[in-house]
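> The residues making up each chain are set out below.
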Amino acid sequence: MKSVTRSAFPSIFAIVASGAALLIAGSLLAQPSPAGKAGPAPQQTQKLSASAIQIERTDPPEDLLVPEDFRISTYENVILQVEKTKKFQHVYRSGDRRAADVPDLIILRMVPQAYKAGSQKQREVTTVSGGTSIKIKVTFTNRDGKVLLEKDLDGKVRFFGENLRATYDFAKNVADVVNNNF
Amino acid sequence: MKTRSTQVSSEVLRTPGGIVRRSLRLAGVVVFAVAVVFAAAASPVFSRQPAAPQASPSSTISGVQCVIGCENIKPNSKGTISVVPTGLRFATDKDTADISTASIQDIFVGNQSRQDVSGVGGTVVKAAIPYGGGRIVSLFSHKVQVLTVEYTDSYGGFHGVIYVLPEGQATSFRDQLVAQGAKASAHVDVAEPTQEKP
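Taken in order, these protein sequences are the chains called A and B. Residue 1 is where the first sequence starts when you use my numbering, and the numbers rise one by one after that. Residue 1 is where the second sequence starts when you use my numbering, and the numbers rise one by one after that.
Worth flagging that the hints you see were computed from the coordinates, not collected in a lab. Even glycine gets a Cβ: it sits at the ideal position worked out from N, Cα and C. Each hint should be verified, as a subset may be incorrect.
What the hints assert, rightly or not - So, partial list: chain A residues that the calculated Cβ filter (under 8 Å) puts toward chain B: (1) Pro67; (2) Ile72; (3) Asn77; (4) Asp96; (5) Arg97; (6) Arg98; (7) Val102; (8) Arg165.
As the list claims (entries may be wrong) - Just a sample of chain B residues kept apart from chain A, beta carbon distances all over 10 Å, derived: (9) Pro75; (10) Thr92; (11) Asp95; (12) Ser100; (13) Ala102; (14) Gly110; (15) Ser141; (16) Glu167; (17) Asp175; (18) Ala186.
To be verified - Straight-line alpha carbon distances no greater than 20 Å define the calculated PhoX-like cross-link-like pairs of lysine-lysine that follow: (19) Lys86(A) / Lys126(B); (20) Lys121(A) / Lys74(B); (21) Lys172(A) / Lys121(A); (22) Lys172(A) / Lys74(B); (23) Lys172(A) / Lys84(A); (24) Lys137(A) / Lys116(A); (25) Lys121(A) / Lys126(B); (26) Lys78(B) / Lys94(B); (27) Lys94(B) / Lys126(B); (28) Lys156(A) / Lys137(A); (29) Lys78(B) / Lys143(B); (30) Lys156(A) / Lys116(A); (31) Lys74(B) / Lys84(A); (32) Lys172(A) / Lys116(A); (33) Lys87(A) / Lys172(A).
Bound conformation, chain A alone (with noise of 0.2 Å):
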């Protein structure tokens, strides 16, 4: 039995410290490169950064029919909440003839993509049925057009509120954008 214990020490010894260079190694690796180094590609991508941004009026395709309050109930919102991040000095708006002095200014459009009108009668006695959405591309460009940042966002109502919630829900996420981004 003793004999046994002696001959089995040296393989268990090697199992442990074999593990234990493994795991060393493997958190070595994922431990982020120096600066200079070559190695993976950094995870988090960098901030971007602007004095102002001008945002433009929402701009729906020909072939989709979206109410002139929906539209600009998400216009209006979307300046709310994006002045809410205070993430920008000047919040100018569309045609705002200042923001043509502003060297890095960020550009926002905003092109709906998909748009389905819903009821509050329907959603509040059925629960399950009447939702309000919309779904809208937002693009982040600098002042010679090259896209910064690109996304596709939406806004729902589901159960209580008026169909114009949706687009609250909608300017909500593009805040939540900017502060993530900017």
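Could you slot chain B onto chain A? The hints should help.
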């Protein structure tokens, strides 16, 4: 003959069944008369227009909701909207938002319906009714008109403002603003735009 009928009626009055029959007939006549009086009194009430008259030419309406876009006024505030010589004015107890006629780019009118019991309080009340009774309350709604005005500020910045007015009033306001010289393009009302682009 006359004597006979008098005799018959006097005989009827004498018997207990006849008295009951006669009193029932009298009661029926009285009830019918009362019903006619009530119906005559109620008919003007039923035929009367709703509290907000359709397309009346009034230029000031109170209890209007500014959903969004009124400068310096919180969204969903209620106030008074009026057409003034310079344009459109929305005033709450604290603030006033003016839109000049010359700055208006377009005006849209849409029809919608609003729940009679709505808002946070209404939602709580609906949820508090047992056995899903709140759903019945949700069935009650009233028609409203939505007035959407697009305009530009002094720097050329585009603005939009949305008001909710009683039924029939938004058209009147649009007509008054157009008469003052505001721009308003012809547009198609999107009544039930339930289609979805794939």
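> None of the hints should be skipped; say for each whether it holds.
Against the structure, the hints come out as follows:
For Pro67(A), the suggested interface contact is upheld, since its CB lies about 5 Å from the closest CB of chain B, less than 8 Å. Taking 8 Å as the C-beta cut-off, the interface hint given for Ile72(A) holds, the closest approach to chain B being about 3 Å. Checking Asn77(A) against chain B by beta carbon gives a least distance of about 7 Å; that is within 8 Å, so the hint holds. Contact between Asp96(A) and chain B, as hinted, is supported at the beta carbon level, the nearest pair being about 4 Å apart and thus within 8 Å.
Among the interface hints, the one on Arg97(A) holds; its C-beta lies about 5 Å from the nearest C-beta in chain B, closer than the 8 Å criterion. Taking 8 Å as the C-beta cut-off, the interface hint given for Arg98(A) holds, the closest approach to chain B being about 6 Å. Against a cut-off of 8 Å between C-beta atoms, the interface hint on Val102(A) is violated, since the closest Cβ of chain B lies about 13 Å away. Violation of the interface hint for Arg165(A) is found here, the shortest Cβ-Cβ separation to chain B being roughly 10 Å, above the 8 Å cut-off.
Remark: the non-interface label on Pro75(B) conflicts with the geometry, its nearest Cβ contact in chain A lying 8 Å away (cut-off 10 Å). Every C-beta of chain A lies more than 10 Å from that of Thr92(B), the closest at about 17 Å, which supports listing it as non-interface. For Asp95(B), the requirement that its beta carbon stay farther than 10 Å from each beta carbon of chain A is met, with the minimum near 16 Å. Every Cβ of chain A is farther than 10 Å from the Cβ of Ser100(B); the closest lies at roughly 16 Å, confirming the non-interface assignment.
Against chain A, the non-interface label of Ala102(B) holds: every CB pair exceeds 10 Å, the least being about 16 Å. The Cβ of Gly110(B) does not lie farther than 10 Å from every Cβ of chain A; its closest approach is about 6 Å, which violates its non-interface assignment. In this structure Ser141(B) is not separated from chain A by more than 10 Å, as the shortest Cβ-Cβ distance comes to only about 6 Å. Listed as a non-interface residue, Glu167(B) keeps its Cβ farther than 10 Å from every Cβ of chain A; the least gap is roughly 16 Å.
Interface exclusion of Asp175(B) from chain A stands, the closest Cβ pair being 18 Å apart, more than 10 Å. The non-interface label for Ala186(B) is consistent with chain A: the shortest C-beta to C-beta separation is roughly 13 Å, beyond 10 Å. Taking the CA atoms of Lys86(A) and Lys126(B), the gap is about 38 Å. The hint is violated against a cut of 20 Å. Taking the CA atoms of Lys121(A) and Lys74(B), the gap is about 26 Å. The hint is violated against a cut of 20 Å.
Restraint check for Lys172(A) and Lys121(A): not satisfied, since their Cα atoms lie roughly 24 Å apart, outside the 20 Å limit. As the CA atoms of Lys172(A) and Lys74(B) are separated by approximately 17 Å, the hinted pair is consistent with the 20 Å bound. Distance hint between Lys172(A) and Lys84(A) is fulfilled; the C-alpha atoms sit about 10 Å from each other, no more than 20 Å. Restraint check for Lys137(A) and Lys116(A): the C-alpha separation of about 15 Å stays at or below 20 Å, so the hint holds.
Taking the CA atoms of Lys121(A) and Lys126(B), the gap is near 13 Å; set against the 20 Å cutoff, the hint holds. At most 20 Å may separate the alpha-carbon atoms for a hinted pair to count; Lys78(B) and Lys94(B) meet this at roughly 11 Å. Simply put, Lys94(B) and Lys126(B) have alpha-carbon atoms about 32 Å apart, too far for the 20 Å limit, and the pair is violated. Under the criterion of a C-alpha separation no larger than 20 Å, the hint pairing Lys156(A) with Lys137(A) is consistent with the structure, at around 15 Å.
A hinted pair counts as satisfied when its Cα atoms are at most 20 Å apart, and Lys78(B) with Lys143(B) qualifies at roughly 17 Å. Restraint check for Lys156(A) and Lys116(A): the C-alpha separation of about 9 Å stays at or below 20 Å, so the hint holds. Taking the CA atoms of Lys74(B) and Lys84(A), the gap is about 14 Å. The hint holds against a cut of 20 Å. In summary, the hint linking Lys172(A) to Lys116(A) is supported, as the alpha carbons are separated by about 19 Å, within the 20 Å threshold.
Taken as a hint, the Lys87(A) and Lys172(A) pair is honoured in the structure, with Cα atoms around 14 Å apart against an allowance of 20 Å.
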